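*Asks:* Residues per chain, in single letters:
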Amino acid sequence: MTGPILQFEAVDRAFPLAGDRRRHVLRGVDFSLDRGTSLAMVGRSGSGKSTLLHLAAGIDQPTAGTVLLDGVRLNDLPDTERSLLRRDRVGLVFQFFHLLPHLSMLENVCLPGWVAGDSATATRARARELLDRVDLADRADDLAGKLSGGEMQRVALCRALLRRPPLLLADEPTGNLDEKAGRQVMDLLLRLSSDEGAGLLYVTHSREQAALADRVLRLRDGRLESAQS
Amino acid sequence: MNPRLLRAALAHWRQARTLTLLTVFGVALGVASVVCIQTLNQGALAAFGGGMKAVSGDADLTVLGHGPDLDENLYPTVLAHPDVTAAWPLVRAWGRLAGHEDAYIEIVGVDVFAPVRFPVRLGDAGHATGDVTRFADLLHVPGWVALTPAYAEELGLAAGDTFTVAVADRLVTLEVGALVDFQRAAPLASRKLALMDISQAQHLFGHRGRVQQFDVQVRPGVAPEAVAAGLQERLGPGAQVLTPAQREQNAAGLLAAFRLNLTALSLISVLVGVFLIFSAVHASLVRRRREFGLLRSLGASRRQVLGLILLETAVLGLAGTALGLPLGYAAALLNMETVSATLTSIYLLSEIEQMHLPPLLVAVAVVVGLGGALLGALLPALDIARRDPVVLLGAAGLPERLSRLAPRLALVGVGVAAAVMVWYLGGGRAYKVSGFVLAFFLMVVLPLWTPLLLRETVGRIPPGGFGWRLGLRGLASRLQSTSFAVAALAVTVSMLVGITLLIGSFRATLDTWIGQTLVADIYVTGASWQRDLGQTWLADDTVDLLVEFDGVAAADLQRRLETRTDQGRRVRVVAFERRGDAQRRKISRVPLLAGDAETVERRLLAESVALISEPLARQAGLDVGDTLRLRGPHGTTPLAVVGIGYDYASENGVVFVSRATLEGMFGPGGVAAVALTMAPGRDPGAVMDALRVALDGRAVELRSNQRLRAEVMDIFDQTFAVTRILQAMALVIAVCGVSLTLLIMGRERATELALYRCIGATRGQLFRLGLSEGAGLGVLGLALGLAGGAVLAMILILLINRDWFGWTIRFALPTADLVWQGVWILGGAVAAAVYPALRASRTPATELTREDLL
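For the protein sequence lines, the chains are Z and A, in the order given. Letter 146 of the first sequence, counting from 1, is numbered 146 in my numbering, and no numbers are missing. Letter 794 of the second sequence, counting from 1, is numbered 1023 in my numbering, and no numbers are missing.
Quick caveat, the hints were computed from the structure, so don't treat them as lab data. Worth double-checking, as some hints may not be accurate.
Straight-line C-alpha distance at most 25 angstroms; calculated DMTMM-like pairs for lysine to aspartate or glutamate [as the list claims (entries may be wrong)]:
1. Z:180 / Z:142
2. Z:146 / A:977
3. A:282 / A:477
4. A:661 / A:795
5. Z:146 / A:685
6. A:282 / A:301
Please read all numbers here as calculations on a predicted model, not as lab measurements.
Let the hints inform the model, and build the full structure from the sequences given.
*Replies:* Set out below in structure tokens:
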């Protein structure tokens, strides 16, 4: 497949308020992301960064405009098809890790493979390989609750990459980590997404971390205010 | 308590409608099962008391015989007592209405000149209208009988109409002389009571010179108990003088085991309901922790928070009680007929025709509903009340503590089990209720072991995919919710399985027993046998005709009556006599538990000895070689016990003697039933047809061997019919618990479900995951319940049955019943999961918040 992995064309997102009023979170957002490249999205709290990620993952739908994921128009797609598209082509990393405490690290990483119904053996092998790449292979069978914040985010990163998604979306992946752990996770995120040939879109508050991306976009009051290469 | 605060708290329950409905429903079903059983219990006793009051009026004492009746010549002796101001004899007989299958009438013959008043209202056909009493008609119109207006209407009879009843093998024509509303004097009296002149009754029903009882009025100011003692002395040991309270006590004693077992069963529903309340209140409080944190930070004390929670639970408990009361009463009405049939066919008591909800029972229902709700809410309420406001207001959910506590709880369970066993083996066994104590603690220990069992079994299952194994693993991760649902289901399944094993084993044992004892081809009884249980006799010429009938090789003649042992224990005395072929046969074919068959046969024929049934041996502590003393009209007769036999006909005990021995004790008497054995090569069906023709005009009932066996099994099934509704109620509560738990889980783990959606799980996948969790809860409850049920079955069969009834029941596995129950339980659990699974599947991916997950 050629062409951008993610495209936003004049995307609006508004939420209804009481009466006829609406709250516009995104207005006329246009951008695209190619495979193997990275894009950092910066902006203040409430600027619409998370909404943008939701739209990119097909979790939410735009009020106007078009979102194309790997060339597929997400608007108006039924929920099931959007779920399947997300399952096969998107990896998500969250600020708060979202690991299931009653599962081991390995099992947490395997989750997307289980959801997709992939071969259990192949899934486990791939999960082990990824954990090895983030230096957690020897603790693969420990429960997730026993890890430090940085380790948890590394596991979450492995989970996002398990099915080799062409698009990786990360919502403030270091927002809940100390500086050192944050730097480690950012390095891993960029390196692994590049190794896997995935497009990476991440949201961050940190200028320093944003500077690590190929491109940076700034959201202010729902508009893309400036962009730099 | 500030009413505004309570209103605000209750607003939560209004919003969480499903949770509230399930909680109220759980309380309601628990209350309903208790109300149902207690209404039936009270109805049974009230029917007896009502009948007694209708017949005996305000008599202070009643003189009864030992055996079916009394000599009427004792009447002057009764009247001669200086403190007796009045006494009147009564004759009682059950008649089956000709042309009405299973319609019976209890006819009471009264002395119309006795100083006792009946509320007689004459009919209008051929009689003067108005409230006057026409004694003259009563005496001179043959078969004059007064019916209740209700029963006359039911039978389509009016004053002046005639109808035929069968008493023993006699067909008697009666005329409706008046309509008598007995229920005006005794509201709980049976509508099937009928009244006639005593001498007519004696003549028509073959009670010449005999009466069933004398009712006695004592001088005002004299204690009836004192007069009873004096009368007893004058009448000798052949009669018994009882106060109304003693008669009611006797009836209550007769039903004690039956009532206690049903009460214990109904309490299981309450226990399961308490689990459900616990889950609901816990879930509600966890969801509202910030509300309580806010209250605490605004200055509310721990006690105020605790009070608020308990008060709102009390409101739910009262709502459940209000719903449970009519529900239980309706269930009692639905079961009235089957319980009534059990009372009449097994305990020879009156039918229950109407029931009431006395204020005391309403109070009991409130205590059960309110108490159960508060008990269920207490632990979660204490837990929330003692937490600091900071923890309650914090973003993170309350930590799952049960997983950590699981080993300690299991250890407490082991301790409880050990303590109960030590108590039981160290002397507790001597108490009759010890079996119930063991059963109760089994139901306590099971829930204590549940969290650890869940943690160590399903908690270790490798998920391996997005399916049922992941669902099971999820169940183990939320023990605080799931272990209560599993425990509730396990307790219910234990009860279901335990009772199914008991009934199945009992049924198989009974089947084997009737196979050994019912070996004749045709059984002949009088038409009213089912009600008077053979205390009336077939005419001698009927018996002769049967014995000598073409094709009959042998006939076993049976006489039976009810009397008491010298310790007051009610027993049935049965005597057999063999006529016909010279083949050596047992007087009774009772399989022996103790004693040698040859000796038993020889001594029964030659001496005044007895073979007694197992329940009597156990309850009276008798063994072979001991002496049984039976009361009769001539005093107490000692009978050496030569054998103990298996018998399942009466839980009170049966005494088998020779006919000569019975006549020696109770005087000459007729034959109540005849069992005919065909000559080789003769077809019982053809002989039965020929007998019907030969017996035309006599009110006899002919039963083939097959029909009699079927009737015995029907009575057995009828006896346990009421347990089915209790089982169903408990199961519904437990299934509600499954639904509630899954709803709670869906809410508590919205973040987890949202994560699944984020990584691409479809709604269908989440729905199937929810269903598999419901099935998982069902399987776990079933597995634990099967183990508990097996233990409970042993307690029921080996301890409770032996202590309360005294039967030997051999274990049998009613496989088909158990499989069907398993299917129902699993089906119920999956059905209960549908709605929660649908709700869970609609969890949006945007629900992903920081709570709950790591």
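*Asks:* Checked against the structure, which of the hints given earlier come out wrong?
*Replies:* Checked against the structure, no hint fails, so every one of them is satisfied.
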